[in-house]
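Using the sequences plus the hints, can you model the full thing?
The residues making up each chain are set out below.
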Amino acid sequence: MSLVGSVVIGSLVALFGVPPARAADESSSATLASSPVINAVEVRIGAVLASNSGKEFDQRLASLHRQFNTLFSYSSYHLVKEERQRVPWGARAGFDIPGGRYVLVIPREYKNDRVSMKVMVIEGTRPIVDTVLSLRNHATFLVGGPRQADGVLILSIGADMLH
Amino acid sequence: MTCRETLNLLPLFFDGELEPRQMRAVAMHSTRCAPCEAALREIERLQEVVSSTLNTRVDEIDLSGLWTAIEPRLRARQLSWWERVRAHWQDPSPWELRLPAFAAAAAIAVLAFLFFARPPQPAVTEPAAPQVAAVDNAASIDSLEADSDVTVLNDPETRTTVLWVSDDTSVGDAP
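Here the protein sequences come in this chain order: A and B. Just so you know, the working numbering puts 134 at position 137 of the first sequence, and the rest follows in order with no gaps. Adding 420 to a residue's 1-based position in the second sequence gives its number in the working numbering.
Since the hints were derived computationally from the structure, they do not count as laboratory data. Glycine included, each C-beta is placed from N, C-alpha and C at the ideal position. Please note that the accuracy of each hint is not assured.
[Claimed, not checked] Computed footprint of chain B on chain A; a stretch qualifies when at least three of its residues, placed anywhere within it, have a C-beta under 8 Å from a C-beta of chain B: (1) 63 to 69; (2) 88 to 100; (3) 140 to 153.
[What the hints assert, rightly or not] A few chain B residues that face chain A, going by a derived Cβ cut-off under 7 Å, partial list only: (4) 448; (5) 564; (6) 565; (7) 567.
[As the list claims (entries may be wrong)] Pulled from the structure, derived: some chain B residues nowhere near chain A, Cβ distances all over 12 Å: (8) 494; (9) 524; (10) 525; (11) 529.
Encoded structure:
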């Protein structure tokens, strides 16, 4: 097995092996995104193509306008994909994103108004980001940098508690 | 990808032997399919059992006398570094053969000087320390691993956390 393969599988095993903090038993972990879920979290991911070709700001990104203008120097921002999934605690959510990449998210726990989750962004067979972080309920953090078309991809990842 | 295809590929997926496209397809399918996820967890459990059993058996082997048996033999054959250097210079080989050694030593000396003379640069890929009172969109990062360079930006103005990825295949411009 190659080194890269080992790294990826090690990460994936770690990901799959994460013990749920508030969790869900076997039957609830089997719940799919489309099934009704109680006491779960809704994970949302937006894929934004940022470039310097054109000067358009996608109006669907209005809530992120200030962040993008402050943090980045691109002239054009276009939302290419947006997806939400309801995920039980400890279960996994997978999101396809442009460029043959995908994102795996495992919500771990909700504490002090913050959602803790493991996030992996995978390109090919390698995780370009593998992180565990906590985020305020309804908040959004950004992952940027992967090349896409004539610009870069910026992912907005957030979580909303469901009661 | 169907369940049958996924189940056939799960062992290879677990061993990391799939091509990127198949790896992605299996990973995505297993996040959405309870039976395939259960099968994957079963493979994980099997792996854990095998690993645990092997480790137990290895731990039972008494290796305490191994190094004490090897070490005396190594000492008998070992020359000090000074003896090796002296033997090299006493070797009546042509002078030209020693020139590469001089060149390498000079190069190392120059590199060492440049390295130590350079002012220290702040590391930019270190994950931010866990934040106690982060608010709004600021994320508290507990761990961060990456197969590429990742810079963590915590912008105080917008209270937003950004993980910026730049590597060989994804040479993103700095934000």
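Holds or violated: is the Cβ of residue 525 of chain B farther than 12 Å from all Cβ atoms of chain A? 33 Å, holds
Please verify that hint: residue 565 of chain B, Cβ, nearest Cβ of chain A, below 7 Å or not. Check passed: Cβ of residue 565 of chain B comes within 4 Å of chain A, closer than 7 Å.
Non-interface label on residue 494 of chain B, tested against every C-beta of chain A at 12 Å: The claim holds: residue 494 of chain B sits with its nearest Cβ about 30 Å from chain A, beyond 12 Å.
Three or more residues of the segment 140 to 153 of chain A near chain B by CB distance under 8 Å? holds (count 6)
Okay, the segment 88 to 100 of chain A and chain B, do three or more residues pass the C-beta test at under 8 Å? holds (count 6)
Would you check whether residue 564 of chain B satisfies its interface hint, that is, whether its CB is within less than 7 Å of any CB in chain A? Interface hint status for residue 564 of chain B: holds (5 Å vs cutoff 7 Å).
Quick one, is the residue 448 of chain B hint okay against chain A at 7 Å, beta carbons? Constraint on residue 448 of chain B satisfied, holds at 4 Å.
Is the listed coverage of the segment 63 to 69 of chain A by chain B valid when you require three or more residues with a beta carbon under 8 Å from a beta carbon of that chain? holds (count 5)
Against chain A, does residue 529 of chain B keep a CB gap of more than 12 Å to every residue? 34 Å, holds
Satisfaction of the residue 567 of chain B interface hint, Cβ to chain A closer than 7 Å: This hint holds: residue 567 of chain B lies near chain A, its Cβ roughly 4 Å from the closest one there, short of 7 Å.
Over 12 Å from every CB of chain A: does residue 524 of chain B meet that, or does the non-interface label fail? Given a closest Cβ separation of 29 Å, the condition holds.
In this structure, none of the earlier numbered hints is contradicted; all agree with it.
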